[in-house]
Amino acid sequence: MATTMDNSLQMKYNELLEKRIAQLEKVVNETSKATVEDSKEKEDSKEQDTNQLKTRYRNILRKYDRAAGEHKDEDVSAAALKKPNSKDIAYTFRRVYDPETGEKGAYSELDIEGEELIGILKTVLEKYPGVNFEGDLITMAAPFPPLVHNWSKLKKKLEEDTESQATKDLSSLMDRIESAPELEKYFKTRTPNINAKLVNYDTLWTWFAPKTRIVVKKFFNTPQILEVAISPIPYYTPIERTLHMWAFCWDWNGKAMVKVFYLFKIDRFRGSKSISELEYYPLEFDANKDDLIVKTKERSQKYVKYVSVKPGASQKFIYKGDAYGDTRKVSAVGDDIYDIEEGGQSKQYNDEDNSDKFVPTVVPIKGEFLCDAAAFLQHGIGSHGHVLGEMQEAWRENDPREPDGTPIKLDLQKALKDDTHQLFPPRLLGYATNEKVWGQFAVDFTEEAPAKDTKPFREVLQLDPKYKEMIEALVDSHEKIAATKNKKQSQVEDVVQGKGLGLVLLLHGPPGVGKTLTAETVAKLTGKPLFIVSVAEIGLNPSRAEQNLEKLFALASKWEAILLVDEADVFLETRGSTSSAGRNALVSVLLRVLEYYQGIIILTTNRIKSIDVAVISRIHLAIRYTDLTDEQMRKIFAYFLNQLEPDWIDDREDINTFIDDYGPQYGLNGRQIRNVVAGALASARHGAKHKKGNGKLTARHLKGVCEMTRQFEMQLKENTMAQRYNNEAK
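Going by this note's numbering, the sequence shown opens with residue 8, and the numbers climb by one from there.
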């Protein structure tokens, strides 16, 4: 009985267990089926998303159909399944085959259509030159510089949002660019070359993106910073032998700062080189970048100070060093050669080849120069404008504007606080008065001119005190009237308004007696620049002479300069029936210009037979210079000897005794005394090289040079005296 019950329970348990197992198997089967179906659905969805992405990017081969006589497009991408004008297209990459050479001459193009993708590019590329973000389509040609120049920024953008459709489009676009035939080789070596700072000719353009600050050394090898405007991009295959890059700096035109653009050429080179070895290279790779930036700011502060001075005598500066000078002088180029002794016959001087060609020449400058960019641009080098060393500007923006058209009004003081001052040039434009050349002057060699200096006029100039007093009185009166611009302070006024407001001095006499020195000391007395012109600058053709005189007088007025017309003989002599028409015309020209000139003009001559009456009426003071007195001669000797270092002279007392006892016997003029002192010093130093003396100046050296000078004078004495007799005014 018990056994039967146990068996019954066992059977019941087995039956329940089998049912439970069956239930579990059913659940497992249903779960497994659901999992498989769910997995399949996910795989189908993923495949659908991938296909959907692929259809957003079109790859087109554009080949030339000879039969049809036109190019035809072949879509080789998954996007071919969609409509060509579908709004789902993010970009189209097009490979255009050459009609003759096919793939060999093919090039790549890119159309970016996706609105969100364009939005990303607009944010990253900002205002890249030549890219218009306002339309529905952005078109680029290989090597796609806007993208390559911003590659690192675009890579960083990919990390911000990996799931957005726009980021996926950007990632696909960048992958496609990397595989473009024009850039495939570049991207393979991009990272190692960047790390090693190496550059080769084919990919050089990638280092010079627009707005890149670069270092150039075109002005006496002085490092200067410019900004890239147009990159040296090679759009053609094979790459040209020379790449062209445009860069700009800010420069002063006399009224405001303007953008000035220069063309830089980069010739092909083989292999790779360090980027800092290039003739022009990005600022970030300069070995002394921080020091260069500091020096540039210091130089720019001086530049702003110098170009911002008040127009007039304040534009005078002192310069000592080399400058780039225009080979042409202050006068106009291409003047006729006019023979006044041959009845005014004109002979045309053919200067067409040079009239519009700037030929820079290194000119050593020591003395004054006028910092005047406006005058330089007008009179100096004509159409070539803001030259930079030996470089000529390509073009300038006199009205610089932002890309959106907003005018740029550069505030000089604000520019010194931000980094705009880095783009200021290392040189000033102006005119060297002693050398008579328009030139480019280094800011580093420029110093402010001293104020008025009365000592040279009152103590150094050897002239009768009564003439000194009269000159100083006339100059002082003229200066006060000019400063107040109040003609009522003038004691005598001309009947016609605007006439007779200038001051005209005539200095005449033999050479070397102080005429030019008088003009120089008057300039120092007033603190004004001395503007020296001669017949060479004015010309002998009456019509040209009048134009040149008006220009020269205008410059002198603008600079508030003392105008010295040296050797003004042909403009002063009496007009008459026996004189040539050309000579009479030149005198008339000077009279017309003098009539309305309001500055100070000094006329010098040592060759006057007679002075025209009309000229005499316009002269406020005429001074006749004679040979130096014994006392004047001693003072001039002392003046030049005092300029020497004390240890250059062996026995000053002995020298003074020689000058007092024998100096006047030689009858030297001021210029000859200067030459004697210079020659004697040179003789002393030369003797030391040959073990003849200690190289110091002695009375023996002075005596030797004085004797040589006297011998030369004696040989020419008869001729010299005859010339002086004929030249003196009767």
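Derived by calculation from the structure, the hints in this document are not laboratory data.
You may find that some hints are simply not true.
To be verified - Here are the simulated DSS-like pairs of lysine-lysine, each with C-alpha atoms no more than 27 Å apart in a straight line: (1) K272 x K443; (2) K487 x K475; (3) K421 x K443; (4) K218 x K317; (5) K160 x K111; (6) K175 x K162; (7) K459 x K327; (8) K262 x K296; (9) K160 x K129; (10) K558 x K317; (11) K160 x K327; (12) K164 x K111; (13) K175 x K111; (14) K487 x K218; (15) K280 x K262; (16) K280 x K134; (17) K164 x K175; (18) K195 x K304; (19) K163 x K111; (20) K70 x K266; (21) K280 x K195; (22) K262 x K443; (23) K192 x K272; (24) K266 x K204; (25) K424 x K475; (26) K162 x K218; (27) K192 x K162; (28) K280 x K204; (29) K163 x K225; (30) K262 x K162; (31) K642 x K309; (32) K642 x K373; (33) K302 x K129; (34) K129 x K266; (35) K195 x K218; (36) K272 x K312.
Practice problem: Below or equal to 27 Å on CA atoms is what counts here, so check K487 against K218. | Solution: 52 Å, violated
Open item on the list: What's the verdict on K175 and K162, does the C-alpha distance respect the 27 Å limit or exceed it?
Closed with: 12 Å, holds
Check your understanding: When you check the alpha-carbon spacing of K160 and K111, does it fall within 27 Å?
Key -> Given pair K160, K111 is violated - Cα atoms ~32 Å apart, limit 27 Å.
Point to revise | Hinted pair K195 and K304, Cα distance within 27 Å | key: The hint is violated at about 40 Å.
Between K195 and K218, is the straight-line Cα distance small enough, at 27 Å or below? 26 Å, holds
_Run the distance test for K558 versus K317: straight-line Cα separation, threshold 27 Å._
21 Å, holds
Restraint status (C-alpha distance of K160 to K327 at most 27 Å): 48 Å, violated
- Item | Agreement of K487 and K475 with the hint, judged by alpha carbon distance not exceeding 27 Å | Holds - the C-alpha atoms of K475 and K487 are around 18 Å apart, at most 27 Å.
Handout entry: Hint consistency between K272 and K443 [alpha-carbon to alpha-carbon, up to 27 Å]
Key = Distance of about 33 Å is beyond 27 Å: violated.
* Proposed proximity, K111 with K164 (alpha carbon, max 27 Å) -> This hinted pair is violated, its Cα atoms lying about 35 Å apart.
### Satisfaction of hint between K312 and K272, Cα-Cα up to 27 Å
Roughly 33 Å separates the two Cα atoms, so the pair is violated.
**Study point:** Restraint status (C-alpha distance of K163 to K111 at most 27 Å)
**Key:** Since the Cα atoms of K163 and K111 sit roughly 35 Å apart, the hinted pair is violated (cutoff 27 Å).
Consistency note: the structure conflicts with the earlier hints numbered 1, 3, 4, 5, 8, 11, 12, 13, 14, 15, 16, 18, 19, 20, 24, 25, 29, 30, 31, 33, 36.
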